[in-house]
Amino acid sequence: MEKSNDSSEINLKSNTKLVNDFGVDNHIIICNWTKKADLLVKELHDPSVEKKRPIIVITENPQDIPDFEEDDSYRGIMIVKGNPSNEDALKRAGIKTAETVIILADEKLADVADTKTIMTAIAIDHITPDIHMVAEVLSSNNLPFLAYTFVNEIICLELLTERLLAQSCLTPGVSFIFSDLLTQSSDTNEIYVEDIPTNYIGRTFQELRKKIVSLEKQDIILIGLGSTTEKTDIEGEVILNHHGNPVREHVLIINPKTKSSGSSAEYPYKEFHKNYKLKDGDKVYLIAYNKPNLTVELA
Amino acid sequence: MQYTARYNFSRRVNTVIQRYQLRRRLRQITNLLFFLFIVWFIGGTLTILSQWIISPGAQDSARDYLQYYWIVFIEVTSGFDVGDEVNRLNQLSFIITIVMLIAGMIIGGLVSGQIIAIILNAAQKAGFVAEAPNNFKFIDPIIIFGINRHLHGIISSIRKIDGNANRDIIIIDEKADEVSILSESNYKNIWYIKSNPLMKNYLKEIFDRNISPAFKKSDINKLFKASQKSCRVILLPNLQKDHNIDFLDPETIQKAMEIETFKENIYTIIQLQSAKSKRYLKNKHLDEWLNISDYSTKMIAQAALRPGLTNVFNNIMGGGNDDGTNEMIRLSLIHDSLSNLSFRDIKNRIVKDSDIDCILLGFCKFLKEEDKGLETLRNPNYYFQINPVNHHRQKYFQDTYKSMSVKFNKDTILNDGHKNDLLVYFADKNIAFDQYIIRR
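So the protein lines, in turn, are chains S and R. Start counting the first sequence at 30; every next residue gets the next number (the numbering used here). Start counting the second sequence at 52; every next residue gets the next number (the numbering used here).
Bear in mind the hints are in silico, worked out from the structure with no lab data behind them. Just to be clear, a hint being listed does not mean it is correct.
One-sided excerpt, in silico: chain S residues whose CB lies under 8 Å from chain R [unchecked claim]:
#1 E182
#2 L194
#3 G202
Across the chosen pairs, the derived CB separations fall in these ranges [stated by the list, open to error]:
#4 T126(S) x Q486(R): 24 to 32 Å
#5 L290(R) x D54(S): 49 to 57 Å
#6 Q486(R) x V141(S): 25 to 33 Å
#7 S388(R) x S168(S): 31 to 39 Å
#8 H272(S) x D406(R): 39 to 47 Å
#9 D406(R) x I263(S): 27 to 35 Å
#10 Y331(R) x D54(S): 41 to 49 Å
#11 Q449(R) x H279(S): 38 to 46 Å
#12 F298(R) x E278(S): 46 to 54 Å
Cβ atoms here follow ideal geometry from the backbone N, Cα and C, with glycine treated the same way.
All chains, please: the whole structure from these sequences, using the hints.
Now the structure itself:
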């Protein structure tokens with residue numbers, strides 16, 4: 030096994046490959062290797078994950094990546110040496126053909142870690158703005174800056190800490206439940222996002238819920254639905270784009286209510302109640318031990 | 052949290068008193084007035100004695116000598132002489148009068164100083180949380196032990212989830228008096244107690260002095276009846292840059308153990324920095340620990356595997372509305388009419404009831420002695436079963452994965468011989484399943 034910090038094209042690990050151009054696609058790119066990357070790789074390559082994707086790590090310090098020869102999770106991990114905020118490094122990692130890119134906060138940079146995350150997001154946007162981008166941010170003060178990028182999902186460590194501690198305090202035991210929902214393994218629950226089964230398009234959310242509850246052999250909980258609706262302003266007026274068409278937005282409704290009760294008067298999504306008729310393109314959010322196949326289960 | 056009108060009134064009065072430190076100022080002013088009284092009495096008596104001994108003819112009757120008390124009083128309180136009367140004094144009485152005048156000026160200055168101090172203090176302290184009154188017994192407060200950069204966020208999250216600022220929050224730390232108010236609405240009913248770790252049993256003293264022993268009224272005890280917990284304590288690590296990161300977790304665990312040693316009925320939640328520290332928690336009877344790094348990593352993985360999930364978790368973790376109607380995980384005791392039914396039966400009945408807006412997630416089972424097993428970490432009297440599986444699947448999970456997460460199944464009977472089990476559900480407000488009667 031050859032080892033060198035100077036070259037960017039040397040096989041560093043027996044299980045991993047240091048690469049500059051490799052014919053993989055639909056892969057996951059991890060920007061920066063930090064302490065939490067080990068757990069992240071294990072979660073992404075857990076045996077319970079149906080479709081394991083190759084992982085390419087872009088890091089300036091490839092020597093930090095452990096050499097777990099016996100660990101199946103590390104099989105198929107490739108490394109690009111370089112700064113992830115550098116477009117060349119991103120291109121070498123095949124950013125254009127990747128499915129997801131994860132930007133981890135570079136802990137070594139302490140207070141300026143978020144700056145590097147934002148710079149990386151901007152660089153990715155410049156190459157391929159449509160990619161599914163997940164970014165870790167340390168401080169909530171930096172969240173507004175990410176609004177200028179196309180990051181799809183932001184995990185803010187500061188907000189997560191504060192919310193989890195507050196919730197654990199007010200609802201004792203809740204940390205255990207979140208741990209169960211967040212852990213990727215065969216014997217714990219996860220949240221899944223699924224399309225509406227074709228035979229339930231046009232039927233109500235409540236009908237689907239009752240059917241799922243009645244499934245004897247399956248352990249699935251329907252928790253909510255996702256749809257699109259016309260975006261409105263504070264006064265309830267539909268917002269139009271510069272072509273004069275209504276702007277549409279994605280909505281997530283956890284635990285849709287009965288039509289009569291609903292939420293507060295200002296609540297803008299009152300149309301999504303228990304008797305809302307599901308339409309093509311809507312999604313359902315489910316808690317299950319493994320990926321459910323609603324089309325088969327509800328046939 | 053609901054408090055009695057008497058408690059609310061007493062708390063409001065104490066807020067004003069503590070914010071302006073009126074008790075301390077009043078004590079200082081009382082001391083000054085006592086000093087003034089002594090000075091007046093001694094000064095007046097000495098003047099009378101000197102006039103009577105040295106100038107016996109100055110006054111017509113013994114009663115006239117008493118007017119010197121009034122003269123001295125005027126001098127001491129105002130710092131001014133009383134005109135012609137001074138001309139009738141002998142030399143010694145005149146010296147005493149001068150001394151009284153000086154004393155009057157000093158005392159007058161001190162009293163004015165105290166009044167200015169009250170005003171200045173009020174102005175300075177207006178931006179900081181109030182000190183907890185010495186002998187006020189807080190009912191079921193949330194105690195935050197330690198200060199770090201997450202303190203303000205935790206406070207606003209608690210307020211956001213509660214939907215009001217009625218609940219008492221007490222911050223205990225050496226620098227607790229430096230906690231500033233960032234928003235008037237969120238920082239109502241927040242108190243600080245300055246701790247002194249050098250003092251032996253300082254924590255015990257604080258808890259004995261300020262926490263009501265009537266813990267049966269506490270929110271947490273209403274749910275976890277078998278646990279007998281009084282109040283909740285969040286232990287925050289010291290995240291100062293100059294602090295050695297390797298000592299963070301040991302210090303936090305040590306703080307938690309300090310609390311455990313003198314009061315077992317406190318619900319302790321600790322924030323850990325490393326997952327490796329979990330092993331030190333065995334048999335420590337801490338109720339909850341949170342290693343945020345693990346949670347965030349797992350959330351990143353989930354978001355990568357299933358796009359859109361961050362939004363879901365953000366919603367159910369209290370990141371939704373500001374009006375206290377967040378869709379969150381909630382717990383409720385179970386009414387007799389649902390007791391001795393299986394979880395499957397309860398779920399079927401609740402789904403059919405269109406008046407109930409909740410998603411049942413599972414249950415929290417009270418463990419009898421024989422059920423406890425080796426799970427000594429976390430609240431050992433209860434077990435959270437999320438999405439219980441059927442009997443066959445439970446066996447499969449246990450045989451294949453040695454699973455610890457399917458202790459109970461769908462057919463587990465709830466409130467079997469007791470009334471301690473809880474339902475776990477998603478809802479935007481607490482649902483009183485303990486008052487829920489099945490429609491037959």
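* To do: Quick one: which hint numbers does this structure break? Sort them smallest to largest.
  => 4, 5, 6 and 7
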